[in-house]
Amino acid sequence: MSEVGTEVKILVIDEQEVSAHAGQTILEVARENDIHIPTLCYLEGLSNVGACRLCLVEIKGSSKLTPACVTTVQEGMEVSTNSERLTRHRRTILELLFAERNHICSVCVANGHCELQSLGQELGLTHVRLPYRNPDLPVDASHERFTADHNRCILCTRCVRVCAEIEGAHVWDVMGRGVNCTIITDLHEEWGKSTCTRCGKCVQVCPTGALFDKSKIGSEHPKYPDFLPFLNMMREAQ
Amino acid sequence: MTIEELDQIAASARSEREKFEHEINVCHGTGCLSQHSDRVKESIAQALQALGKNAYVRRTGCMGLCAAGPLVLVDPEGSLYQHVNPSHAEKIAASLDDKPVEELQCNLREHFDQQVHIVLENSGRIDPERVEDYIASDGYRALLMALNDMTPQGVVRQITESGLRGRGGGGYPTGLKWGTVAKAKGDVKYVICNGDEGDPGAFMDRSVLESDPHRVLEGMAIAAYAVGASKGYIYVRAEYPLAVSRLTSCLRDARRHGLLGNNIGNTHFNFDVEIRLGAGAFVCGEETALIASIEGRRGTPRPRPPYPASSGLWGKPTLINNVETFANIAPIIRKGSRWFAGIGSARSKGTKVFALTGKITNTGLVEVPMGIKLREIIEVIGGGVPGGHKFKAVQTGGPSGGCLPESMLDIGVSYDALQSVGSIMGSGGMIVMDDTSCMVNVARFFMEFCMTESCGKCVPCRAGTAQMHTLLTRICTGAGTMDDLALIEDLCSTVKETSLCGLGQTAPNPVLSTLKYFRNEYIEHIVEKRCRAGVCNMEAAAEVLA
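Chains A and B supply the protein sequences, listed in that same order.
23 is the number of the first residue of the first sequence in this note's numbering; add one for each residue after it.
39 is the number of the first residue of the second sequence in this note's numbering; add one for each residue after it.
By construction, these hints were calculated from the structure, which means they are not laboratory data.
Each hint should be verified, as a subset may be incorrect.
[Claimed, not checked] Result set (DSS-like, lysine-lysine): computed pairs, CA atoms no more than 27 Å apart in a straight line:
{"#": "1", "chain 1": "A", "residue 1": "K86", "chain 2": "B", "residue 2": "K534"}
{"#": "2", "chain 1": "B", "residue 1": "K129", "chain 2": "B", "residue 2": "K91"}
{"#": "3", "chain 1": "B", "residue 1": "K554", "chain 2": "A", "residue 2": "K86"}
[Stated by the list, open to error] Examples of chain B residues toward chain A, derived with CB under 8 Å:
{"#": "4", "residue": "M489"}
{"#": "5", "residue": "T490"}
{"#": "6", "residue": "S492"}
{"#": "7", "residue": "G494"}
{"#": "8", "residue": "K495"}
{"#": "9", "residue": "C496"}
{"#": "10", "residue": "V497"}
{"#": "11", "residue": "P498"}
{"#": "12", "residue": "A501"}
{"#": "13", "residue": "G502"}
{"#": "14", "residue": "A504"}
{"#": "15", "residue": "L529"}
All figures in this text were calculated on a predicted structure; none of them were measured in a lab.
Ideal placement from N, C-alpha and C gives every residue a C-beta, glycine not left out.
Let's have the full structure, built from the sequences with the hints guiding it.
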């Protein structure tokens with residue numbers, strides 16, 4: 023979370039002049055002004071990791087692309103959140119995600135409520151050019167209430183962060199390297215035998231059908247990841 | 039410890055040495071040790087005793103010509119012997135005061151004459167674990183000079199004026215980095231030495247740490263004085279056990295002599311160094327991942343800014359430089375920035391150590407002035423491609439670098455020149471390939487390396503390298519199509535432009551450079567189902583075509 027200072031900065035996002043507090047990120051300011059930047063790993067209320075690379079934007083004067091979620095605003099900055107180049111990269115990144123594991127929307131519990139699916143629709147992704155990797159991945163249904171389906175995981179680490187930062191349990195973490203990364207509970211024990219507090223926050227913040235509630239399926243299974251800012255606010259008020 | 043005391047130690051070390059008429063230096067680098075140079079040293083000592091000869095036998099660090107090891111250098115005659123084994127000990131001992139042993143002599147004038155040794159000036163000359171040896175060759179003099187006669191700002195200015203650029207690969211101006219950390223606010227600052235050398239075929243840092251560890255410690259201490267730090271870390275790969283054990287003993291010696299610890303050189307300057315071992319992750323050579331690893335967390339990079347110079351180890355301002363960069367510091371302070379800036383090319387000063395490997399006659403470590411032509415390094419110093427084969431390409435910069443063809447050999451080696459032709463200086467790995475190497479297969483090898491070494495944090499690097507590897511494998515097995523090639527180029531662009539850290543951003547370089555200079559080989563694999571080097575097995579695919 024960025025520290026919000028008192029100083030006010032004026033910048034331009036997509037040719038629209040906007041004001042911001044010093045210390046705010048480009049993404050925060052864009053959202054305040056209803057300028058949409060696609061994200062997957064970002065979630066308001068959690069720390070920012072800059073891992074999904076979907077929120078990359080162009081800043082005038084720099085040939086490099088900049089992640090909006092971790093870049094703080096500067097006076098007079100001119101940001102462009104949409105261009106042919108950005109769209110091309112965003113679509114390729116989505117293709118990479120769809121081809122990486124087994125994302126089969128029609129038989130997924132998150133069908134219709136999936137952030138990956140929605141982004142695919144938004145960017146008009148009609149097909150994937152890349153070869154599907156079809157990895158052989160397990161489903162951990164050992165927990166009495168929840169299931170972890172690694173086939174649907176996009177390694178955004180929202181579950182890892184919410185468990186460590188908000189719940190304070192740090193049950194989830196990442197194991198392995200590269201494409202072999204997996205989220206694990208404790209020291210790679212079954213979820214059901216782990217030190218999980220059964221709070222269910224990880225399930226709510228999971229953008230796909232990787233973590234889901236056992237008692238619900240399909241259309242009954244919308245997630246509510248937006249509770250974190252409110253929770254943080256209530257905690258601070260106490 | 040004062041300069042006078044340092045002089046005393048140096049003088050007594052020298053007079054100790056003068057008692058002997060000859061010095062026999064036996065290389066104890068990893069390469070020579072693996073061929074039992076320790077036994078060679080033992081047998082030579084025994085032979086000398088038996089013959090009653092008056093000679094000092096010393097274990098030294100790397101002498102550079104690893105392909106000819108174990109190496110033995112006899113001084114003051116200057117005879118260098120190659121491929122020495124214990125059975126040669128008597129001959130060598132008997133040859134003192136007589137003619138050198140001809141059948142063992144290594145006559146490679148051109149290999150050594152073209153080199154300029156700054157970083158490696160003591161390598162193969164001193165016993166790395168004897169601090170007296172290092173002090174006798176002006177060691178720790180620069181540190182005491184800096185502490186007694188220079189302000190921290192003065193040290194930074196001298197480094198800036200020398201034009202030294204980071205030797206880890208990026209080539210960031212060292213003086214600028216030091217100045218930034220020096221100006222950063224904070225009562226606690228850190229100095230980190232990055233010894234997580236992981237490029238395939240690179241062993242410069244290992245050799246420096248094994249051959250002259252005190253030089254790196256001295257460089258770190260000077261840096262700490264310049265930026266206002268009192269604690270340093272050396273991050274070394276656990277795969278370098280010899281470097282770690284020599285560093286450990288050198289740290290102990292330096293502390294014992296008051297060259298590390300509190301009140302160094304009777305001033306108020308305190309500095310100590312701790313060793314941290316890497317657990318085998320290539321990505322931990324990236325500075326933010328390395329810092330996370332030192333902190334005990336998972337070694338993954340984080341987005342910059344904030345740069346380590348303002349928020350690094352435990353959130354404190356941190357200076358992080360490569361082993362070779364630190365090894366350059368003491369000579370610059372001792373001999374002045376003008377001397378250093380006089381060596382090298384316009385925008386790349388000083389020398390660079392390269393690890394010459396692959397299809398080359400003189401495999402080993404070389405140090406050359408910046409600006410030297412690649413052709414000179416390969417054909418003169420390296421002795422060219424052996425076995426009557428034809429040179430095809432040279433790969434610089436490891437998995438982040440590129441492959442350059444014969445037509446590019448006349449460029450001078452500098453950060454900017456190498457970048458402009460699609461490769462990078464990198465940390466100094468230089469792999470020579472001849473006509474038995476398939477460039478598509480080489481690109482696939484480096485992509486496999488990046489795929490397995492990707493930390494998995496950001497999507498383009500994690501999934502992109504894996505996809506490119508799959509597609510390159512298709513081409514190597516004859517199953518590739520022109521669409522696959524287009525897809526690879528598309529992925530290269532996305533991975534390069536969108537990855538989080540340097541590993542991902544540079545991972546496509548081997549593919550891009552081979553596509554630039556050896557595109558015809560890709561086309562041959564795809565269209566004709568033919569691999570001109572005979573490396574890729576495409577029989578099945580070729581049959582279908584027929």
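Right, here's what the structure says about each hint:
Distance check on the hinted pair: A:K86 and B:K534 sit about 10 Å apart at the alpha-carbon level, within 27 Å; holds. For the hint linking B:K129 to B:K91, the alpha-carbon distance of about 12 Å falls within 27 Å, and the restraint holds. Under the criterion of a C-alpha separation no larger than 27 Å, the hint pairing B:K554 with A:K86 is consistent with the structure, at around 22 Å. Interface hint status for B:M489: upheld, as the beta-carbon distance to the closest one in chain A is roughly 6 Å, under 8 Å.
With a cut of 8 Å, the hint placing B:T490 at the interface with chain A holds, because the nearest CB-to-CB distance is about 6 Å. Using the Cβ-Cβ criterion of 8 Å, the hint placing B:S492 at the interface with chain A is satisfied: the shortest such distance is roughly 4 Å. The beta carbon of B:G494 comes within 3 Å of a beta carbon in chain A, closer than 8 Å, and the hint placing it at the interface holds. Taken as an interface hint, B:K495 checks out: its beta carbon lies about 5 Å from the nearest beta carbon of chain A, inside 8 Å.
A least Cβ separation of about 5 Å between B:C496 and chain A falls short of the 8 Å threshold, and the interface hint therefore holds. The beta carbon of B:V497 comes within 5 Å of a beta carbon in chain A, closer than 8 Å, and the hint placing it at the interface holds. Residue-level restraint check for B:P498 holds (minimum Cβ-Cβ distance to chain A is 6 Å; threshold 8 Å). With a least beta-carbon distance of about 4 Å to chain A, the hint placing B:A501 at the interface is held under the 8 Å criterion.
Look at B:G502: its Cβ gets to within about 6 Å of chain A, closer than 8 Å, so that hint holds up. For B:A504, the shortest C-beta to C-beta distance to chain A is roughly 4 Å, which falls under 8 Å, so the interface hint holds. A hinted interface residue such as B:L529 counts as satisfied when its beta carbon comes closer than 8 Å to some beta carbon of chain A; here the least separation is about 7 Å, so the hint holds.
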